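Visitor: Read off the chains here:
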Amino acid sequence: MATAAEMSTEPVSARGGPLLDVRNLHVEFRTREGVARAVNGVDYAVDAGETLAVLGESGSGKSVTAQAIMGILDSPPGFVTQGQVLFHGEDLLKFGTEQRRKVRGARMAMIFQDALSALNPVLNVGEQLGEMFTVHRGLSRKDARAKAVELMERVRIPAAKERVRSYPHQFSGGMRQRVMIAMAMALEPELIIADEPTTALDVTVQAQVMDLLAELQREYNMGLILITHDLGVVADVADKIAVMYAGRIVETSPVHDIYRAPAHPYTKGLLDSIPRVDQKGQELYAIKGLPPNLLHIPPGCAFHPRCPLAQDICRTKIPPLYRVSEVRASACHFWKECIGDDRPAADKT
Amino acid sequence: MTTAPQPTKPEPSASGSPGREPILQVRGLVKHFPLTQGILFKKQVGAVQAVDGVDFDLYPGETLGIVGESGCGKSTVAKLLMNLEQPTRGEILYRGEDISKLSGRALKAVRRNIQMVFQDPYTSLNPRMTVGDIIGEPFEIHPDAAPKGERRRRVQELLDVVGLNPEYINRYPHQFSGGQRQRIGIARGLALRPEIIVADEPVSALDVSVQAQVVNLMERLQDEFDLSYMFIAHDLSIVRHIADRVGVMYLGRIVETGADAAIYEHPTHPYTQALLSAVPVPNPEAREHRERIILSGDVPSPADPPSGCRFRTRCWKAQEKCVVEDPPLTVPDVFRGTAGPAEHPSACHFAEEKIVVPRDE
Chain E
1 MATAAEMSTE PVSARGGPLL DVRNLHVEFR TREGVARAVN GVDYAVDAGE
51 TLAVLGESGS GKSVTAQAIM GILDSPPGFV TQGQVLFHGE DLLKFGTEQR
101 RKVRGARMAM IFQDALSALN PVLNVGEQLG EMFTVHRGLS RKDARAKAVE
151 LMERVRIPAA KERVRSYPHQ FSGGMRQRVM IAMAMALEPE LIIADEPTTA
201 LDVTVQAQVM DLLAELQREY NMGLILITHD LGVVADVADK IAVMYAGRIV
251 ETSPVHDIYR APAHPYTKGL LDSIPRVDQK GQELYAIKGL PPNLLHIPPG
301 CAFHPRCPLA QDICRTKIPP LYRVSEVRAS ACHFWKECIG DDRPAADKT
Chain A
1 MTTAPQPTKP EPSASGSPGR EPILQVRGLV KHFPLTQGIL FKKQVGAVQA
51 VDGVDFDLYP GETLGIVGES GCGKSTVAKL LMNLEQPTRG EILYRGEDIS
101 KLSGRALKAV RRNIQMVFQD PYTSLNPRMT VGDIIGEPFE IHPDAAPKGE
151 RRRRVQELLD VVGLNPEYIN RYPHQFSGGQ RQRIGIARGL ALRPEIIVAD
201 EPVSALDVSV QAQVVNLMER LQDEFDLSYM FIAHDLSIVR HIADRVGVMY
251 LGRIVETGAD AAIYEHPTHP YTQALLSAVP VPNPEAREHR ERIILSGDVP
301 SPADPPSGCR FRTRCWKAQE KCVVEDPPLT VPDVFRGTAG PAEHPSACHF
351 AEEKIVVPRD E
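As given, the protein sequences belong to chains E and A, one line each in that order. Its first residue numbered 1, the first sequence is counted upward by one per residue in this note's numbering. Its first residue numbered 1, the second sequence is counted upward by one per residue in this note's numbering.
Misleading hints may appear alongside valid ones.
Partial selection, computed: residues in chain E whose CB lies under 8 Å from chain A [said to hold, decoys possible]:
id, residue
1, Asn120
2, Ser172
3, Asp236
4, Pro275
In short, the hints are calculated from the structure, not lab data. Fair warning: this is a prediction, and the values are worked out from it, not measured in the lab. Backbone N, C-alpha and C define an ideal beta-carbon position, used for all residues, glycine too.
Whole structure, please, built from the sequences with the hints as guidance.
Guide: Here is the structure:
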């Protein structure tokens, strides 16, 4: 592991190394019932202009990882116990609160799932958007408001001049999500983390919002981490995927390869279990059982109780991320069997 | 042979089961929620036209899927079918009898045959009742369905049928996961052996891997108990998977209806086309050569729907005719008599076939 050494001061590019590099991140929640190990050694990296999709079901640790990167983990009960979050090669976890706050919003920003609860209900959107500029850039309130209008126009909110004085509840779901995007974009950050940005929206609005996000990303060459459970959205926008299960990454791959031939039985199960709008299937493949309780993660491979390929070794030895190819990795002892396996459901007409 | 009255509006190509009498016929269903002003003397100033003229048939043993975005009125239709809301106008005929006019004992008797499965398994189960009490409650209301001494055994059978351990009968809802709770909700719906189950977004609160389990369960139960499903969802992929026929709703109306292949592979209404083209397909190969129809703007308020065609404000084909003339839900003239898959009811003046979902072989 070399690149950690190359320290550097201010921004940007030129230097090699990814924009964000998360290494061996561990997060646990100390609760009354015990220690819930939500993130257990996550590694992933995003470059400028690249979209990484982090795929997982509830409890997989995908959102907690994001919160740790942003530095907005509820602590206590949440604690980062190990690992590094390298942003331009600098470990954010070593930053003080004030230093961290300067990075947050200005250089990396987050878009949340539920805009209605993420926005402040008693401030109008102009004030909330303007706050980014008054706090981080020291603009006057009047200038900040002008900036807010400009931002709202950029995310194509109609009649921005009038609507700048509206409150969040006066916007529709799609428009509120645009306000969230505007707020994240305000200071032109290098990295955006979007946590299920379109899950609460209707499909036609979802398409509008994803398009907008992709367009802005291209325009500003931002890195984007898209956290989602929707394999369809991932296929539409991602460059590469990290699949999470029980706080670990179980598979990483460029987007095309993973849909063609998943190298982990969990990924394969997920792909086979979704109904598709372009196919009339027979019975859906269903992964048996339930995702594990994070207080009692099964020993060995956390997926083994639900896995059709599980053998004795899976119950005792945690699989490392095996290299599948130059660009792919799978945390399955039997990834070769998995990848060579005939796909039961997805190949049928 | 029952002597149900002739349907007032026969649907030519969409009749999924020819020769069979529909079990449920909905005719001109309207539900307006009044908007009032003033505190003491409430004056009606308008109405939210949640459902505004909906017709459909449900045949025995089939699944009718209703899809639409939030606010289109699909859940209100479910509530009307369950008699949880009174329709403003229109009829809901169950085996020829209008159930919306029934009350008291007659209503109770009909309700036994129409049961509901709700969306949110976290709030639709009483947290202070055991699973046994929840699933057994229908027997309290309809004591003749199962004699007292037999109820516990029946509940255990039901648990077994939905794939839960019968020994869990004394547990509480919080001891179960989301998927298991939805199974409990389904078991409760099945208790009285209904003929029709109205399922309003039954799997949308569940994780992907658990969704498949519940969908498979519902399909298995349909075969086992010969159920008719009215499956309401916003997820077009799930509806495609489970439904035999599909109705697409927009702003309180059904805009297009037909067999599932007709709707998904040969949609003729621009809204259906936009909706289908917006669904993300889990196939990255398709993303380059897929045509996306991105609608502008949001759904108009149902309190003040546009004149003429309700979709015209977001439609790329809209013309003068759409502003003044409300298109009826019939087979468009261009497709009439073609006997092709595009020959199904579509409420558009300018209906044309457009394939928007790339076929995956």
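Visitor: Look at each hint and say if it fits the structure.
Guide: Each hint tested on the structure:
no. : hint   : result
1   : Asn120 : 22 Å, violated
2   : Ser172 : 5 Å, holds
3   : Asp236 : 5 Å, holds
4   : Pro275 : 3 Å, holds
Consistency with the previously given hints fails for number 1 only.
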